[in-house]
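*Asks:* Top line first, the protein sequences correspond to chains Z and R. Residue numbering for the first sequence follows this note's numbering, beginning at 18 and increasing consecutively. Residue numbering for the second sequence follows this note's numbering, beginning at 23 and increasing consecutively.
To be clear, the hints were calculated from the coordinates, so they are not data collected in a lab. Small disclaimer: the values here were computed from a predicted structure and weren't measured.
Ranges of calculated distance between the beta carbons of each label pair, as one might list FRET restraints:
id: 1; chain 1: Z; residue 1: Lys416; chain 2: R; residue 2: Glu421; range: 42 to 50 Å
id: 2; chain 1: R; residue 1: Leu233; chain 2: Z; residue 2: Glu419; range: 26 to 34 Å
id: 3; chain 1: R; residue 1: Arg349; chain 2: Z; residue 2: Lys416; range: 36 to 44 Å
id: 4; chain 1: R; residue 1: Ser295; chain 2: Z; residue 2: Asn242; range: 27 to 35 Å
A short list of chain Z residues far from chain R (calculated; beta carbon distances all over 12 Å):
id: 5; residue: Met186
id: 6; residue: Asn195
id: 7; residue: Arg199
id: 8; residue: Thr200
Using N, Cα and C, we set each Cβ at its ideal position, and we do this for glycine too.
Below are the chains, spelled out letter by letter.
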Amino acid sequence: MYIDIRMSVCNTEEGTYMKELNKLSEKLKKEIDASIEVTETRGAVRLEGTVKDWDSVIKAGEKAAELPYRGVINDIQANGIDSSKERKAELKDSKLSGLKMDVMVIGGGIIGCSIARELAKYNLDILLVDKESDLGLHQSSRNDGMVHPGVMPKPGTKKAYYNVRGNEMYAAIAKDLNVKYRTIGTYVMFENKVIDVLARSLIKRAERNRVKGVRHVSRKQILENEPNISDSVVGGIYMPTTGVCPPYEMTIAMGESAVINGAKISLSTQVTGMQIENGKIHSVNTNRGNVFPKIVINAAGLFSDMIAQMAGDRFFTIHPRKGQVALLDKEKGRLLDSVVSIVSLNSAFQKTKGGGLVKTADGNILVGPSAYEQPYKEDYSTDYEDIDRVLSKNLRYIKGLEKKDVITYLAGTRAATYKEDFIVEESLYISNLIHAAGIQSPGYASAPAIALDIAEMAIKKAKEYRQVIKKESFIKERKGITRVAGMDNESRQKFIEQNQDYGKILCRCEEISKGEILDAVNSPVPALTVDAVKRRTRAGMGRCQGGFCKPLIAEIIHQETGIEIESILSKGGGLQ
Amino acid sequence: MIEFDVVTIGSGPAGLAAAIELSRQGVAHVVIERESKSGGILKQCIHDGFGLHRFNERLTGPEYAGRFLDEAIEKGVEIWNDTFVSKIEKDDGFILTLVNSEKGVFKIKVKAIILANGCRERTGKQINIHGTRPAGIYTAGTAQYFINIQGYMPFNKCVILGSGDIGLIMARRLTLEGAEVLGVYEAKDSPSGLTRNISQCLEDFNVPLYLSKTVTKVFGEDYLEGVQVMSVDKDIRPIEGTDEYVACDTLILSVGLIPENELAKSLDIPLDSRTKGPVVDEKLMTMQDGVFSCGNALHVNDLVDYVSESGETAAKNAAEYAKQKNRVARSVTDVNYNNEDFLYIVPQKISREAEGKVKFYFRSADIKENSTVNIRAGGKTIFKRKYNVLRPPEMEAVEIELSGEGEITFELI
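This is chain Z alone, in the form it adopts within the complex (with noise of 0.2 Å):
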């Protein structure tokens, strides 16, 4: 049977689960460390204690997500690890001090960024925040752009329910953007006959979740489209709704298109306390003033429970569940043509989908990601052993991949709730607050349906207090950044001829031209650091990873903003 659970909120009496709730007390308490103390607070269960290691932090966590509590806060310590660390906003002025409006989003990654453009539909004020220089600089950024099928997530999650309804919105909505969007199909392969059990399973679970034409395939039918993949492949299980969709692109224009339909959007500005009064958020401190929201959506992302916790409304805890790519040339890239993974009985429906490889909507084939629990939300780093590991696992599915062909890689962790599933509704206690919290993977696929909901809930709020109209003069089109190379010879003469720094190429490996590069720095949400260009052009992400490319990009940014150098080039860098 399908469940629609949108919208839908369990609560938990208090004391309903007492004995569920002593019987894991000592469980936690023999098995992980004695220091554990077990309570229960709005809902959900809460952890204290002091153990020796991560590790056992997660452990006590998960345990704990098996009772029926609505969430799992975890402040259980280990020792020596300082997990609270944060990147903070440094820059300080009174530039949003006494704004009042309608809407407050904080955190500008694709989740903040598609609410924020679903609510400039209508005639509302709205306050986008993100504490970075940039839109989209963690999870966002930080993902391999994959819109997935949605047969993964657990019949009757949300997860399962957004995922599969972002993924029909994304086409349509990518196009409206001019992002770049390809469906291309995921083959999840097998390498032994025995696991027809485990294709029956998968086709089960897609139909529960109305994923459309999930299907088996055999060898041959692979070879079809995949002619390179590994001899020892058998047959596999066909999602052919599977999309491929650059994620800072996506969440740029996602931004831009809020800001060219009203909405602002505020960088390096960073959410530091909430007032409440009478179960309601009075007003917002930022490193940039206060403000005075009527309504608050929190997308905060890997810290959305820390924004929770500042409206006096924490029910769950993120932990930061790390994983690496690598990027190969795109000299490769023809080699494959689809999203391709090898499963095996142990490897299927754990949390994570434990990587692949993946043809981006640029063409390169990107390997991975790996996962792993660690205690920093912002450890971005990288690191051999798991590269390799990557690397390892996953090059042998198609034949004529190997690890030279890695031009660059990189790390990104997922904001993991211990419930595993993504927190889509309003707040039982704070009134005008509603949660987009708990986002992980798949909530790049699902940003678009979450988008709608969590309007559809702010607007039901507005509405309390004033008249809310969809507005006749919104754009749903964004031209964006217009890839000259792209277009045929006709069209880009046409270009260059109405503006000549469409001629001059500046980065040569991805041939992107000098006006490209000012549109970029000139565009609704204006890029000022040489990566906030690169992210919006692919100036600089090619074989020569902009050596060459770097200091001109510079010097333009420079002479259209006068921001120094100095900043242009770092990565928290071209504050105004």
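Position chain R relative to chain Z; hints supplied.
*Replies:* Relative to the frame of chain Z, chain R by itself:
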């Protein structure tokens, strides 16, 4: 569509030398240059030491390039600057799709192509540096551009990884510009750069050189804060327990150069896995008839004089090729050598009918003392030279007279 006999892609020391030679040969030709100014990488090499072989003088990079550019202008060579080769297609000759601000997208047709588009630097990712991704990590050439061309100096406390020539030169340059250079780290057990650069750039400025040590990890969020350095074994594998932390705000990478051959690859031209440049015959013609390669696009040279010399060789042969009315198919054979003796030899092939003087460039696989290079062709030794020492960083060149022997073997004794 405008037609030319020959197009030269790139106007650095190889391309300019080629273009001047093409004018001498009297063929219709044009040079395509993607940058605003000609001269290639020499524009930013403001140190001296260029042109010792050719001019018997110690010129700076811009001076060396200037001499060629002056001669090219004097000869009326046509150089299209700020013009990018977007595509090459094979026709009965070749059709190049070019892009620039003035003309937009346009095509030219040529009989022969000289690839003289130089090389690029290897990046940190390609040598497995891990850790965070802060600002402050630059390849040596990029840092050199910031300082010498743009006049920016965002470098204070520097670690240099790799003892290639540009790394050594940057150690001196950064020191002169007021930065503190903490040391040059080299994973191999001997320096990669020229001996004269070790003495003039490091020893003269008291910059320490650490051999068999490499950077394995970087630290810092917005800006670089420090690097982890480890000793490595002879297979360049880090040795556990040898890690040390070096605080710095700049990491300069001088970890190798790779010939730029994306255009060659787009024409399916086979590359030599050792040089990373195209496989060529004694005419410096690639395995695609009509496409020639020279300079650092062919193999990475350590002296610019050889770069220009190969440009001239390619140009002579490209002009001859363009003039030919009836072309006969080539028959080429491998230049034989032992991988353990030689790192590489260019040209990699000779045609069976090759006659006359042919220049070979080679590097030894290791440091070889008191050894003799013996070259055999047609069953006899045709060349013999004794070397006190051969080092991989120092390229050697020999000129041999061939008389259609149809095969050739290099030996190191």
